[in-house]
Amino acid sequence: MIDQSPLTQVMSSVNTANGLPNEHYVDPLVFEQEKRSVLFANWSGVGFGKDIPEAGDAKPFDFLGMPLLAVRDRDGSVGVFQNTCRHRGMILVDQPRNIAGAIRCPYHSWCYGLDGKLRATPHVGGPGQNTHEDVDPEKLGLFRIRSHVWRDVIFVNVDCKAPAFEQVHASLIARWSEFDQPVHHGGQTSSLQLTVKANWKLAVENYCESYHLPWVHPGLNTYSRLEDHYNIEERGAFSGQGTLVYRQLTDDQGTTFPDFKGLGRQWDEGAEYIAVYPNVLIGVQRDHSHVIILQPIDCETTVEHIELYYAQTAQQTPDLANLRATNAQMWKSVFEEDVFVVEGMQKGRHGDMFDGGRFSPVMDSPTHNFHHWVASQIEQGRVA
Amino acid sequence: MDEALQDAYDRDDIDALIRLYTSAADAAEDRHEIDAACFYLTHAFIFALERGAPEAAALNLRLADRGRSHLLGL
Ligand code: FES
Ligand SMILES: [Fe+2]
Numbered sequence: 001m002i003d004q005s006p007l008t009q010v011m012s013s014v015n016t017a018n019g020l021p022n023e024h025y026v027d028p029l030v031f032e033q034e035k036r037s038v039l040f041a042n043w044s045g046v047g048f049g050k051d052i053p054e055a056g057d058a059k060p061f062d063f064l065g066m067p068l069l070a071v072r073d074r075d076g077s078v079g080v081f082q083n084t085c086r087h088r089g090m091i092l093v094d095q096p097r098n099i100a101g102a103i104r105c106p107y108h109s110w111c112y113g114l115d116g117k118l119r120a121t122p123h124v125g126g127p128g129q130n131t132h133e134d135v136d137p138e139k140l141g142l143f144r145i146r147s148h149v150w151r152d153v154i155f156v157n158v159d160c161k162a163p164a165f166e167q168v169h170a171s172l173i174a175r176w177s178e179f180d181q182p183v184h185h186g187g188q189t190s191s192l193q194l195t196v197k198a199n200w201k202l203a204v205e206n207y208c209e210s211y212h213l214p215w216v217h218p219g220l221n222t223y224s225r226l227e228d229h230y231n232i233e234e235r236g237a238f239s240g241q242g243t244l245v246y247r248q249l250t251d252d253q254g255t256t257f258p259d260f261k262g263l264g265r266q267w268d269e270g271a272e273y274i275a276v277y278p279n280v281l282i283g284v285q286r287d288h289s290h291v292i293i294l295q296p297i298d299c300e301t302t303v304e305h306i307e308l309y310y311a312q313t314a315q316q317t318p319d320l321a322n323l324r325a326t327n328a329q330m331w332k333s334v335f336e337e338d339v340f341v342v343e344g345m346q347k348g349r350h351g352d353m354f355d356g357g358r359f360s361p362v363m364d365s366p367t368h369n370f371h372h373w374v375a376s377q378i379e380q381g382r383v384a
Numbered sequence: 001m002d003e004a005l006q007d008a009y010d011r012d013d014i015d016a017l018i019r020l021y022t023s024a025a026d027a028a029e030d031r032h033e034i035d036a037a038c039f040y041l042t043h044a045f046i047f048a049l050e051r052g053a054p055e056a057a058a059l060n061l062r063l064a065d066r067g068r069s070h071l072l073g074l
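Quick note, the sequences are listed as chains A and B, same order.
The letter at position 146 of the first sequence is residue 146 when you use our numbering, and the numbering goes up by one with no holes.
The letter at position 26 of the second sequence is residue 26 when you use our numbering, and the numbering goes up by one with no holes.
Chain A on its own, in the form it takes in the complex:
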């Protein structure tokens, strides 16, 4: 048990609240505590469906040191398992690959189906004797991790105690119901990764505010002014920002990406950027969407996995390959512009006298909403 101040000051109103104290960014013990009560206790993003497109595709993920394996089953569904053999605890799959028949453990060759069931235990009863009365395959399947795929993000709830994903995020799913249609990854150029020397929460906090736009992204703001943005916040679930002046990317010929189907007029120039707590950031726009999974590596290191999705597949629109590359480049420079502030806030949190900071009551409520949620998760974890 860590001796910590109560988080009431974080959970008071945005006008008077402080942000989360330094220890939530720099203390490995608090990081460990947040791993349990924030990241394992909720629906965290760990990977993308597009990385396991075919039946039998399997990809290992490391999630806060926990070895996971995502598998595409024959019926097209995605399953997530603990990537640990039930025999001697060997890692089962160490590289992404296709499983033609069964997952065979590289140590003593116990075999598991794509559904995690234990299928064979060679020589378990002695040479050539593949059964033993005390080894019941029914009880020795791979541990299944609760998972849910939304907008191609594979979410997991490691501790199995959160309410269903659709329940937790009902309000966001309803808000974006018009975007509830297939998304297609733009291919290799639409995949970016950034490693930042900062706690994962700082990337969330920076993503969901628009306050910094004119200062950090002056290029963006030549056409997107502060007053064209609005705050989005839902207590206990998500927060972010919206814009009223989204402009589609075009090339010299005026070509644009095809729109998602059947969107209302509000999306002609509207776009929204929301942090889906805890660690997934999603932006929706009429013609493409981006998703960022924040992979916490340790207390002060995070990998941002950034992916761009479109209304039509790359195969359907080969002539848009250049535009997709330009778009990816544009986003890359925006996200790179954010690195120095995210890393700078991390460094700033080693200043002992920093008290979590004070918010702008008007501009910072999405960030405060996130802190309120994190604090409430930690307090719940302390009670549990």
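Rather than coming from a laboratory, the hints here were simulated on the basis of the structure.
Misleading hints may appear alongside valid ones.
Unchecked claim - Pulled a few chain A residues facing chain B out of the computed Cβ check, cut under 7 Å: (1) G101; (2) A102; (3) C111; (4) A120; (5) P122; (6) N130; (7) T131.
Note that the structure is predicted; figures quoted are calculated from it, not measured.
Note that CB positions come from ideal geometry on N, CA and C, so glycine has one too.
Could you slot chain B with the ligands onto chain A? The hints should help.
Then chain B with the ligands, alone, in the frame of chain A:
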């Protein structure tokens, strides 16, 4: 036999491993060496199962018939 097996392992040639272990099992069976046959059958079966090869069903049946494996619905 040993050399062919080693070669198949070196090349990671699972189809060859299934074939070689199956013939080793057949030969042992002909000599009425049931334990040895089941040992080889086990290897042939496991590689076939891993590979999703059609032979897996028959190999599983041969082992199950001798009480050496659970019968899988393959
Ligand atoms: S550790 Fe996996 S079969 Fe032994
Ligand atoms: Fe930014």
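Outcome of the hint check:
For G101(A), the interface hint holds, the least distance from its beta-carbon to any beta-carbon of chain B being 3 Å, beneath 7 Å. A hinted interface residue such as A102(A) counts as satisfied when its beta carbon comes closer than 7 Å to some beta carbon of chain B; here the least separation is about 5 Å, so the hint holds. Nearest Cβ of chain B to the Cβ of C111(A): about 5 Å, under the 7 Å cut. The hint holds. A cut of 7 Å between beta carbons decides the hint on A120(A): the least distance to chain B is about 6 Å, and the hint holds.
Because the smallest distance between the Cβ of P122(A) and any Cβ of chain B comes to about 5 Å, under 7 Å, the interface hint for this residue holds. Hint status for N130(A): holds, given a least beta-carbon distance of 4 Å to chain B, under 7 Å. Given hint, T131(A) at the interface with chain B, holds; its Cβ is 6 Å from that chain's nearest Cβ, closer than 7 Å.
Against the hints set out earlier in the document, no violation occurs for any number.
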